[in-house]
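Trainee: Take these sequences, add in the hints, and give me the full structure.
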Amino acid sequence: MSGSQKTLLIVLAVVAAVLVGLSLSTLLPSAENGVSTQAQNRALIGGPFELTDHQGNRVTEKDYAGQYKLIYFGFTYCPDVCPTELQTMSAALEEMGENAEKVQPLLITIDPERDTPEALAQYVGHFHSRLVGLTGTPEEIAAAAKAYRVYYAKVEDENSSAEYTMDHSSVIYFMGPDGGFLTHFGPGTAPSAMAQRMNKLIEEEDGEAS
1 MSGSQKTLLI VLAVVAAVLV GLSLSTLLPS AENGVSTQAQ NRALIGGPFE
51 LTDHQGNRVT EKDYAGQYKL IYFGFTYCPD VCPTELQTMS AALEEMGENA
101 EKVQPLLITI DPERDTPEAL AQYVGHFHSR LVGLTGTPEE IAAAAKAYRV
151 YYAKVEDENS SAEYTMDHSS VIYFMGPDGG FLTHFGPGTA PSAMAQRMNK
201 LIEEEDGEAS
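Position one of the sequence shown corresponds to residue 1 (full-length UniProt numbering), numbered consecutively onward.
Just so you know, these hints were derived from the structure itself, not from any lab. Mixed in with the good hints there might be a few duds.
[Unchecked claim] DSSO-like cross-link-like pairs, simulated, lysine-lysine; straight-line CA separation at most 30 Å: (1) Lys-146 <-> Lys-102; (2) Lys-62 <-> Lys-102; (3) Lys-154 <-> Lys-69; (4) Lys-102 <-> Lys-200.
Mentor: Shown next, in the form of structure tokens:
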């Protein structure tokens with residue numbers, strides 16, 4: 001591939017990321033400390049999915065019904081952003097106290113070509129003990145990503161053994177027991193702020209349900 005072709009691919013990837021980011025920003029408003037909530041988006045973010053967990057079991061969103069979900073879309077070959085966000089998720093859950101048991105952390109891969117159940121099983125073991133890794137066919141991953149307004153794209157990387165890496169948006173979603181969107185956390189959110197916000201939302205949601 002010529003230098004001009006590589007440059008064109010990079011430009012197209014950046015443009016796509018910007019467009020998706022603008023679309024996502026209309027649904028996920030900015031807030032101080034990277035934390036926000038927008039109740040009217042409950043029907044716009046999230047939805048049904050059918051994937052395979054890191055133990056090889058086929059699962060759908062119904063398997064997590066009745067649980068709060070902390071969801072991140074990433075991939076095991078991600079060099080920095082993904083492990084940082086997963087560590088933040090893990091630390092936040094540790095700070096939540098008893099409410100943490102109500103929250104199921106999920107990692108949905110955007111690189112199903114490399115992220116097999118076996119690869120995910122090894123990877124999630126480096127983070128929270130209850131973190132579940134989910135993979136699937138390219139079509140299944142695309143459907144899940146679309147439901148959560150997640151951008152991702154394969155980008156050429158000569159330094160990778162697979163000769164590619166993944167470009168993707170980085171958002172942690174907090175979903176309610178009914179699957180509705182509650183809030184999201186952007187990169188740089190402190191674990192303490194994340195834990196505090198989730199605890200408050202759980203108290204509000206559980207209070208309304210009682």
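Trainee: Within a Cα-Cα threshold of 30 Å, do Lys-102 and Lys-200 meet the stated pairing?
Mentor: holds, 13 Å
Trainee: What's the verdict on Lys-154 and Lys-69, does the C-alpha distance respect the 30 Å limit or exceed it?
Mentor: holds, 27 Å
Trainee: Given the proposed pairing of Lys-62 with Lys-102, does the C-alpha separation stay at or below 30 Å?
Mentor: holds, 16 Å
Trainee: Is Lys-146 close enough to Lys-102, meaning Cα to Cα at most 30 Å?
Mentor: Answer holds: Lys-146 to Lys-102 is near 26 Å, not above 30 Å.
Of the numbered hints given earlier, the model fails none.
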